[in-house]
Amino acid sequence: MSLPVIGFAGMTHLGLNSAVGSAAKGFEVVCFDPSEGLAADLAAGRLPVLEPQLAELRAEHADRLRFTADVRDLARCDVVYVAPDVPTDDRGGSDLGPLTALLDRVDAALGERTVRVVLSQVPPGFTRARVRPGVPLYYQVETLIFGRAIERVMHPERYIVGCEDPATPLPDAYAAYLGAFGCPILPMRYESAELAKISINCCLVASISVANTLGELCERIGADWSEIAPALKLDRRIGPYSYLSPGLGISGGNLERDLATVCRLADAAGTDAGVVRAWIDNSRHRKDWPLAELHRVVLPVIARPRIALWGLTYKEDTHSTKNSPALAFLDAVRPFPVRAFDPAIGPQAEWHPDLTAAADPVDACRGADVLAILTPWAEFRRQSPAAVAEALAGRVVIDPYRVLDPAACRAAGLTHLTLGAPA
Amino acid sequence: MLHHTLDTPQDPARVVVLGARGFIGAALVEALTAAGTPVLAPGSNELDLGAADAADRLAGMLRPDDSLVVLAALTPDKGRDIATLMRNLRMGEAVCGAVGRVPVAHVIYMSSDAVYPFTTGRITEETPAACTDLYGVMHRTREIMFESAVKGPLAILRSTLVYGAADTHNSYGANRFRRLALKDGKITLGGGGEETRDHLFVDDAVAVLTALLRRRTAGLANLATGRSVTFDELARMVAAQCTPPAEVIHTARTSPVTHRHFDVTALHKAFPEFRFTPLEEGIARVHRQVTEQAGQG
Numbered sequence: 001m002s003l004p005v006i007g008f009a010g011m012t013h014l015g016l017n018s019a020v021g022s023a024a025k026g027f028e029v030v031c032f033d034p035s036e037g038l039a040a041d042l043a044a045g046r047l048p049v050l051e052p053q054l055a056e057l058r059a060e061h062a063d064r065l066r067f068t069a070d071v072r073d074l075a076r077c078d079v080v081y082v083a084p085d086v087p088t089d090d091r092g093g094s095d096l097g098p099l100t101a102l103l104d105r106v107d108a109a110l111g112e113r114t115v116r117v118v119l120s121q122v123p124p125g126f127t128r129a130r131v132r133p134g135v136p137l138y139y140q141v142e143t144l145i146f147g148r149a150i151e152r153v154m155h156p157e158r159y160i161v162g163c164e165d166p167a168t169p170l171p172d173a174y175a176a177y178l179g180a181f182g183c184p185i186l187p188m189r190y191e192s193a194e195l196a197k198i199s200i201n202c203c204l205v206a207s208i209s210v211a212n213t214l215g216e217l218c219e220r221i222g223a224d225w226s227e228i229a230p231a232l233k234l235d236r237r238i239g240p241y242s243y244l245s246p247g248l249g250i251s252g253g254n255l256e257r258d259l260a261t262v263c264r265l266a267d268a269a270g271t272d273a274g275v276v277r278a279w280i281d282n283s284r285h286r287k288d289w290p291l292a293e294l295h296r297v298v299l300p301v302i303a304r305p306r307i308a309l310w311g312l313t314y315k316e317d318t319h320s321t322k323n324s325p326a327l328a329f330l331d332a333v334r335p336f337p338v339r340a341f342d343p344a345i346g347p348q349a350e351w352h353p354d355l356t357a358a359a360d361p362v363d364a365c366r367g368a369d370v371l372a373i374l375t376p377w378a379e380f381r382r383q384s385p386a387a388v389a390e391a392l393a394g395r396v397v398i399d400p401y402r403v404l405d406p407a408a409c410r411a412a413g414l415t416h417l418t419l420g421a422p423a
Numbered sequence: 001m002l003h004h005t006l007d008t009p010q011d012p013a014r015v016v017v018l019g020a021r022g023f024i025g026a027a028l029v030e031a032l033t034a035a036g037t038p039v040l041a042p043g044s045n046e047l048d049l050g051a052a053d054a055a056d057r058l059a060g061m062l063r064p065d066d067s068l069v070v071l072a073a074l075t076p077d078k079g080r081d082i083a084t085l086m087r088n089l090r091m092g093e094a095v096c097g098a099v100g101r102v103p104v105a106h107v108i109y110m111s112s113d114a115v116y117p118f119t120t121g122r123i124t125e126e127t128p129a130a131c132t133d134l135y136g137v138m139h140r141t142r143e144i145m146f147e148s149a150v151k152g153p154l155a156i157l158r159s160t161l162v163y164g165a166a167d168t169h170n171s172y173g174a175n176r177f178r179r180l181a182l183k184d185g186k187i188t189l190g191g192g193g194e195e196t197r198d199h200l201f202v203d204d205a206v207a208v209l210t211a212l213l214r215r216r217t218a219g220l221a222n223l224a225t226g227r228s229v230t231f232d233e234l235a236r237m238v239a240a241q242c243t244p245p246a247e248v249i250h251t252a253r254t255s256p257v258t259h260r261h262f263d264v265t266a267l268h269k270a271f272p273e274f275r276f277t278p279l280e281e282g283i284a285r286v287h288r289q290v291t292e293q294a295g296q297g
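Residue numbers (the working numbering), protein chains in the order written: chain A, 1 to 423; chain B, 1 to 297.
The hints are simulated quantities; they were obtained by calculation from the structure and are not laboratory data. Treat the hints loosely; a few may be bogus.
As the list claims (entries may be wrong) - Calculated pairs, SDA-like style, for lysine to any residue (alpha carbon to alpha carbon, straight line, at most 20 Å): (1) B/183 - B/271; (2) A/287 - B/226; (3) A/287 - A/91; (4) B/186 - B/171; (5) B/269 - A/284; (6) B/269 - A/204; (7) A/287 - B/127; (8) A/322 - A/204; (9) A/287 - B/272; (10) B/186 - B/247; (11) A/287 - B/1; (12) A/287 - B/271; (13) B/269 - A/349; (14) B/269 - A/337; (15) B/269 - A/301; (16) A/287 - B/126.
So that you can see chain B by itself, here it is in the shape it has in the complex:
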């Protein structure tokens, strides 16, 4: 459940974005800058969160009236092993050490739906976070680290799959399907693509983050649209954007079918006027952006 520290929206004095070179971070910095919000987005040359002095360096950058958005993490495409887990935890330790020394006005930690198991199809914020892999363990541990270290308003968002033109992770979903469709003219699914998932447009992720910043919102929420579709439906949406339409290919199933539907009531209650971009519209917009950038038309 989320609650607003500020009764009326207010521009943050400054937003410090950790992970500003990443997919969501870059989009957030761009949106904040366009809105005239002061942003500090240290690159890895200025701040290596894995370095021994990272907490000191970050503390030296922070101001008490800052809002801090923590997006920095080594994602599964960078490694799923114990070493990656420990590096991620050291990054979390550094950030927590810094905000322990220089408390800031607001902290947002971007977690992941990887903290949830696949034992139930419907997910709410009350669903027990019973992680089944090291990536989920990493996010859950960092959530608890932040809850322990942050004394002021702290928001934790557990994000579903995010799609957008600038994605760098290429995980199974809209982004990979688009690349496959454009490159090979076909999208190959695991099994019949029966699994249902919720897919979030990166612009919507940025809009929610911005809304949280403006109300200095605290609490826990799942960051998802509330609408799930099968991978097959998603693949066909992506395929239909291509000319000619890409082929969707089913394969023999090698893993059990799992489903995930998010109850987004907490977001609805916190931000009644917020609208998510319909999936069909988001997919079409991303395709236009990508093809325009590539000059393919």
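With the rest of the complex left out, here is chain A:
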């Protein structure tokens, strides 16, 4: 049997990375997006998102990738994934309108035997509501991680596949495609798969919340979470890959969306979601940590500090600023001048009335009273604390993610403030 032809509809972060990863795995891939401009940009190698290996793989496997704005080009595919990113609002609500519209459009262009797979994240109940007799429809859990999207596509841990009837074998083309990645395939009913995705994210948030809650306690009682976390990871019940680094709350939109979905479903069903609401509260609380440190340490001494800011995106290796702690910080320090550097994006005037762009990290520090490092880009880890100390006028470094080495900072005469450790 020849390899199936795979289609992807919706060329935002999820669809684009999934398509390029599939081509790299040897499949012929048709990439559809209703935007002619976007399809043309992608065909020319102009990529709208930043991900490690994405540009290189797109170029290397260009002969197996066809970008098109004509939905009819999907008709020759054996399996078509519908994978637009689902936009979320500030309260974690999903806008499923664009996904539904794209599904309708793709559905109409495909033959009845073509396998449709919803890859975008949808709430429980969404997929079953779209079932039509005789038309194969599946929901597949995506586990994209911003900044590691290609790696996740090429080396999945398992496939979770939501089915109308999990006892019925997957269609040959779909099974052949998934089988090429050499990982377990877990068919289950639609609702289970839809909730499995949310369950994964709840486990991640639970771990993050443990780290944040106990890390904050460390800051007050003289313990250091960086000493505790490795011990926990050696516990088999917790595991070496557990999310135990303290952070500035959850960001990016997807985790927030899942927590909001659980609360909504639990409220409607009359089940307890108190712990989920506690995670949300803790996330909100920790997002303000840099501001609290600024008020605690810097502002009592300097009435109008000049602030150096490293990082604007919500995490490293992405362009996204969705719920970014850096932007929340900027909004709360509007009276004070800020000079910022981010490897991926430049500052925007609407974020702050006195925000200027620096040429590089050290340039951002020149003459500043305090440095805040709010995105843990790898580039920042390579900066010398001595160079930072020389450039700064002040001594305080607010470094939640421990990007700079605390001992080297102290040796350079800096006051290094970090999550999970006493100042």
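Guided by the hints, dock chain B onto chain A, whose structure is given.
Below, chain B alone, put in the same frame as chain A:
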């Protein structure tokens, strides 16, 4: 969360202060007057908020461009019983009736942290207001009354313990400790004084009120410094001001230890440049004021 109705600070046309003879009210009137802001501060002979015609009388005093600061309340030292609760609610009813008839430009209601229970040590504006005594019930009820009656910008401040030389309430905290230290040379604590509380200097309370007035700020915020100390630490700070230092005495504990720490992020975000007076500095300033007034040196 607080939000500013005015993008840039602006002096209020006139500030009407209810409760102007009280500890915070008097300090606010003094500060506003010193800044040249027109103030109407009716005394109880001009306006008895407990009287049957109070709403009419207040409505007759109000102008649409007024900013109204409501500090008037019978505090726990005046009574903790049902009768005091009902008198306080009638005062709130009168003020709400007046602003219903004559809507004003801005209303600030000074509530209290008594609306919060002691079931958790950390308090934010999201902490459920689950009152455990009638004083807390009174403030929570009045908050809801004002939210219902005020159609324009309304700010509600839930204040922690306030200290200052002119305090009249003598509640457990810095003010009583100072009086005990000066009178008896010793401060007697309940238990070891392990409870943590946030203590706000009256000048800072006035400064926050003034900042809200100038931006016509609306919303809910806790009025606290964000730094809590134990009663024992506080007592020792007060005791150290005396010559010789007053003695701090611990007693057998009769009630459970409770803690209260305020998250003041909402104030930080609304007023990034505002600084609270450090507790040690505030305690020292109050002691100087009191001893100078008493001529004790």
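Taking the hints in turn, this is what the structure says about them:
About 39 Å separates the Cα atoms of residue 183 of chain B and residue 271 of chain B, which puts this hinted pair outside 20 Å; it is violated. Of the supplied pair hints, the one linking residue 287 of chain A and residue 226 of chain B holds, its CA atoms being roughly 17 Å apart against a limit of 20 Å. Proposed proximity of residue 287 of chain A and residue 91 of chain A is supported: the alpha carbons are some 15 Å apart, at most 20 Å. For the hint linking residue 186 of chain B to residue 171 of chain B, the alpha-carbon distance of about 17 Å falls within 20 Å, and the restraint holds.
About 14 Å separates the Cα atoms of residue 269 of chain B and residue 284 of chain A, which keeps this hinted pair within 20 Å; it holds. About 29 Å separates the Cα atoms of residue 269 of chain B and residue 204 of chain A, which puts this hinted pair outside 20 Å; it is violated. Note on residue 287 of chain A and residue 127 of chain B: the hinted pairing holds, with a Cα-Cα distance of about 17 Å set against a maximum of 20 Å. Taken as a hint, the residue 322 of chain A and residue 204 of chain A pair is honoured in the structure, with Cα atoms around 18 Å apart against an allowance of 20 Å.
A C-alpha spacing of about 16 Å is found between residue 287 of chain A and residue 272 of chain B, which places the hinted pair at or below 20 Å, so the restraint holds. A threshold of 20 Å between alpha carbons decides the hint, and for residue 186 of chain B with residue 247 of chain B the separation of about 4 Å falls inside it, so the pair holds. At most 20 Å may separate the alpha-carbon atoms for a hinted pair to count; residue 287 of chain A and residue 1 of chain B meet this at roughly 15 Å. Between residue 287 of chain A and residue 271 of chain B the alpha-carbon distance is near 18 Å, which keeps this suggested pair within the 20 Å criterion.
Distance hint between residue 269 of chain B and residue 349 of chain A is fulfilled; the C-alpha atoms sit about 19 Å from each other, no more than 20 Å. Proposed proximity of residue 269 of chain B and residue 337 of chain A is supported: the alpha carbons are some 16 Å apart, at most 20 Å. Pair hint residue 269 of chain B plus residue 301 of chain A holds up; C-alpha atoms about 18 Å apart against a cutoff of 20 Å. Distance hint between residue 287 of chain A and residue 126 of chain B is fulfilled; the C-alpha atoms sit about 15 Å from each other, no more than 20 Å.
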